[in-house]
Structure formats: C-alpha cells, structure tokens
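In order, the protein sequence lines correspond to chains A, B and C. Sequential numbering of the first sequence, starting at 12, is according to the numbering used here. Sequential numbering of the second sequence, starting at 12, is according to the numbering used here. Sequential numbering of the third sequence, starting at 12, is according to the numbering used here.
Incorrect hints may have been included.
Because identical chains share one entry, a pair is satisfied inside a single copy or across any pair of copies.
Claimed, not checked - Cross-link-like lysine-lysine pairs, in silico, BS3-like; alpha carbons within 30 Å at most:
1. Lys75 <-> Lys13
2. Lys75 <-> Lys54
3. Lys75 <-> Lys31
4. Lys13 <-> Lys119
5. Lys54 <-> Lys13
If you are wondering where the hints come from, they were derived from the structure by calculation, not from laboratory data.
This is what each chain is made of:
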Amino acid sequence: MKQFNLLIQTPGRGYYLITKEITDAIGDDVGIIDVGLLHVFLKHTSASLTINENADPTVRDDFKNFEEELVRRDFPFTHDYEGPDDCPAHIKSSLFGCELTIPISNGKLALGTWQGVYLCEHRDSTQNRNLLITLNN
Amino acid sequence: MKQFNLLIQTPGRGYYLITKEITDAIGDDVGIIDVGLLHVFLKHTSASLTINENADPTVRDDFKNFEEELVRRDFPFTHDYEGPDDCPAHIKSSLFGCELTIPISNGKLALGTWQGVYLCEHRDSTQNRNLLITLNN
Amino acid sequence: MKQFNLLIQTPGRGYYLITKEITDAIGDDVGIIDVGLLHVFLKHTSASLTINENADPTVRDDFKNFEEELVRRDFPFTHDYEGPDDCPAHIKSSLFGCELTIPISNGKLALGTWQGVYLCEHRDSTQNRNLLITLNN
Numbered sequence: 012m013k014q015f016n017l018l019i020q021t022p023g024r025g026y027y028l029i030t031k032e033i034t035d036a037i038g039d040d041v042g043i044i045d046v047g048l049l050h051v052f053l054k055h056t057s058a059s060l061t062i063n064e065n066a067d068p069t070v071r072d073d074f075k076n077f078e079e080e081l082v083r084r085d086f087p088f089t090h091d092y093e094g095p096d097d098c099p100a101h102i103k104s105s106l107f108g109c110e111l112t113i114p115i116s117n118g119k120l121a122l123g124t125w126q127g128v129y130l131c132e133h134r135d136s137t138q139n140r141n142l143l144i145t146l147n148n
Numbered sequence: 012m013k014q015f016n017l018l019i020q021t022p023g024r025g026y027y028l029i030t031k032e033i034t035d036a037i038g039d040d041v042g043i044i045d046v047g048l049l050h051v052f053l054k055h056t057s058a059s060l061t062i063n064e065n066a067d068p069t070v071r072d073d074f075k076n077f078e079e080e081l082v083r084r085d086f087p088f089t090h091d092y093e094g095p096d097d098c099p100a101h102i103k104s105s106l107f108g109c110e111l112t113i114p115i116s117n118g119k120l121a122l123g124t125w126q127g128v129y130l131c132e133h134r135d136s137t138q139n140r141n142l143l144i145t146l147n148n
Numbered sequence: 012m013k014q015f016n017l018l019i020q021t022p023g024r025g026y027y028l029i030t031k032e033i034t035d036a037i038g039d040d041v042g043i044i045d046v047g048l049l050h051v052f053l054k055h056t057s058a059s060l061t062i063n064e065n066a067d068p069t070v071r072d073d074f075k076n077f078e079e080e081l082v083r084r085d086f087p088f089t090h091d092y093e094g095p096d097d098c099p100a101h102i103k104s105s106l107f108g109c110e111l112t113i114p115i116s117n118g119k120l121a122l123g124t125w126q127g128v129y130l131c132e133h134r135d136s137t138q139n140r141n142l143l144i145t146l147n148n
C-alpha cells in the first residue's frame, strides 16, 4: 500500500468534480496495478465525497440547491458557533460520507462511463480541504 | 485480489435483494479466505447499493415509497433531460452510495443475521446495471 | 489481515463517539503498520456508523433531533412490527451507512483533527450492537 496527500481549496458551498485531481495525485503508481482498490478519505466534518454524474454541470447545481431543502437552515440546531451553515454542513457531510473506495482494473480507476468523484463543500466560505488517498494492491 | 463482473437487470424503481447474486458471482473463491474484504461497486449514477433488512419485503416497499418523500420530484431541478425521475435518481444514488465493503470471515460474507445487500433502482424504467466486485485477501 | 470483534451496548436512540472503543479493540496491532486501512462494520440494520465532529456534544444532540425531521415517524410506513421507530430506523441506517474504511498512517488512524467515529443508534430502546473490525495492511 502507498499513500498520497491532496489539498484542494474550494470556493465555498458547491459540488466540484475532482476525479482528475485524484488521478494526478496518484500519478504513475496506478498504471502498474492489474487489480486493486483506491481509498479516498476527506479529513473534515463539514464537507463530503460522493460519486455522481461527470458530464452535465447542472446536476452539480441541482445538488447544491437541493441540499438546502434536505437539511434546512431554519431547523432549530443548537450548534451554530460558526453561523447558520455550521450544523447543516455537519449533517450533510454524514449523509454523503467522507470516504470512498474505487476499484482499479488494468491500471485505471474502474469508474462507470458517467461516474466522477465530487468534493462536496457544505460551508458557505472558501475552505482548504485535505484528502488522504491510499492505493491498495 | 481478484475481480468479478455482475450484470443485473432491474424492472424499474424499487429495492432488490442481491446478496445471492453477489455470492454466486464470486463462487468458490471466497471459501478459502479466512479473513478478507469484499468490495462491491455499482458503475452507475442513478442507482445505489445499501445493506438493510433481508427478511420482510415490506421494508423494501417502505424504502421505495419513502424515497419519493425524501427527494420530491416537484423540487425545481434543472437537470431533467430524461424525465422527472432523472435528477431525483442522481441525488438518491449519492445519499445511499454506490459502493460497499463487506468483511469476510471463515470463508463467508460476515453479514449480520438480518443484513442483505440491496440494489436500489431509482429510475422508473427497467435498467441494466453493471457491478464490479473485488475480492481483497 | 486480522479481525476483531467489538460489542457496544447503546442506551437507546442517539449518537455516540466510539473512536476510543475501536482503537482499544485493535490494540497494539495498528502500531506496527506504516500504511494501511481499517474497516469497521456494524452487523445491524437499525443503527449506523458515521464520521463527524468529535468535540462539541451538541453536534450529536443536533443529529439526534434532526434525524426525526429527516425521516418522520408519521410517514405511512407498512413495516411497524416493532413500533413507530422500526422502519425509520432502517431508513436512517441506510442513509448513514453501516460500514466505514479509515486510513492508517504511521501506526495510527489518520483521522482529521475534528473527526471521530459515531455509532448512531436509531432505535428508541437500549440495544447490543456487534461490530466486526478488519485491519488491512
């Protein structure tokens, strides 16, 4: 196994395709793996990772709009030190999850044709997000 | 590590138990593993995988009914090329997730007594769904 | 790979930090691993595992309150043999998920500063919950 760090700065709330950033981070190491697994871990509790549609950007806009309906800011949360986006961001992070395992086949991530990895930023303001990637072969 | 492909045709929206299809796909290879992990990956963005109750089919009916309340079709989604079930299916896919890791103990999947694997079809119409299974030992 | 069993009794519905219970269960075995993965699996369908904020207990209270809004008991569920918390517990279990993979670096779980593992109990009454932990190195 081998690990790679990846730092991504987000411009605030939204869903961002990071498939290329992940493959760039692991570089040539994946090319020699016939069968393996790639684990991607986000070291934060107010953002998340998910796999979804990699082509039409309106899907990511719809995620951004819908998450505010799914976890409404006007719910009487107690934990609001960092503003009205604080606790909703924690809950969204757990609903989508902060880690993914992706299979590797013939030296490449075995994603489906329409699949890409999203970094989901649930805080309103720009954030630095640290990921730890583990290549398991 | 070893990989197996599995194709499942769904009859449209609903939750389907596929534990047996998975164990059939991996066949005898799991029987010789004392301790291991099985990774199950669905290569699509409008369906998902989850683990839930394997006995009473009304649980799966309740999931099917409740998902329409959780992600309502009348939300003003932009991405609707393929109909009113299009964007809701993407969001449900990310809420449940498209991949699972299941422990293996003594040559068998170490699921709890009541646990089974569901393939969750979020599109209305029949679909062909491709899974890639990785045996990690 | 090596596996460890962990039994945790919950006092009923709520979100409980179990990071220490997990590291105690694996003991000294993790200390000798430079790079690895830890898989944590909950063998139940009415509870779940997630990673979230490890410091302020009001976050866990907010999760407990909000889950009742996310999956309302007054939805017309069919599966209610064990009471009004029965089917909501199944659905919450699948939304948060019953398994997690956590990276290991330099002999320790590589969690972010604010990350801890929650055992999420979705049933009202006290329950015994079995976890199976797999150390993958």
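Comparing the hints with the structure gives:
no.: 1; hint: Lys75 <-> Lys13; verdict: neither (33 Å within a copy, 37 Å between copies)
no.: 2; hint: Lys75 <-> Lys54; verdict: both (21 Å within a copy, 23 Å between copies)
no.: 3; hint: Lys75 <-> Lys31; verdict: within (21 Å within a copy, 35 Å between copies)
no.: 4; hint: Lys13 <-> Lys119; verdict: both (16 Å within a copy, 15 Å between copies)
no.: 5; hint: Lys54 <-> Lys13; verdict: both (17 Å within a copy, 25 Å between copies)
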